[in-house]
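K.L.:
Sequence:
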Amino acid sequence: MHNAAFAATGFDGVYVACEVSPEQVGQAVAGIRAMNLLGVNVTVPLKELVMPLLD
Numbered sequence: 000m001h002n003a004a005f006a007a008t009g010f011d012g013v014y015v016a017c018e019v020s021p022e023q024v025g026q027a028v029a030g031i032r033a034m035n036l037l038g039v040n041v042t043v044p045l046k047e048l049v050m051p052l053l054d
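Residues 0 to 54, numbered by numbering that gives the first Met the number 0, are exactly what the sequence shown covers, in order.
By construction, these hints were calculated from the structure, which means they are not laboratory data.
Think of the CB as a built atom: it goes at the ideal place given N, C-alpha and C, for glycine as much as any other residue.
You can take every hint at face value.
Simulated restraints on C-beta separations: (1) Leu-48 - Ala-7: 31 to 37 Å; (2) Gly-9 - Val-39: 17 to 23 Å; (3) Ala-7 - Pro-44: 29 to 35 Å; (4) Leu-53 - Glu-22: 14 to 20 Å; (5) Gly-9 - Leu-52: 29 to 35 Å; (6) Ala-6 - Gln-26: 29 to 35 Å; (7) Ala-3 - Pro-51: 32 to 38 Å; (8) Leu-48 - Tyr-14: 20 to 26 Å; (9) Asn-40 - Gly-9: 18 to 24 Å; (10) Gly-30 - Phe-5: 17 to 23 Å; (11) Met-50 - Gly-9: 30 to 36 Å.
Heads up, simulated SDA-like pairs for lysine to any residue below, C-alpha to C-alpha not over 20 Å straight-line: (12) Lys-46 - Val-24; (13) Lys-46 - Ser-20; (14) Lys-46 - Ile-31; (15) Lys-46 - Cys-17; (16) Lys-46 - Ala-29; (17) Lys-46 - Ala-27.
Start from the sequences and build out the full structure, keeping to the hints where you can.
P.N.:
Put into structure tokens, the structure is as follows:
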């Protein structure tokens, strides 16, 4: 759905789903920062765990 919308609007991006366990949240955020991603989606149950790690 996201990638189809990107293609339809000419947006140069890609949406990739990644499974992250609660124990991996810190590592995932570090990886996101290292890759300089423009944005991410976080779903339940990780939303509350990731909040303290955000800018």
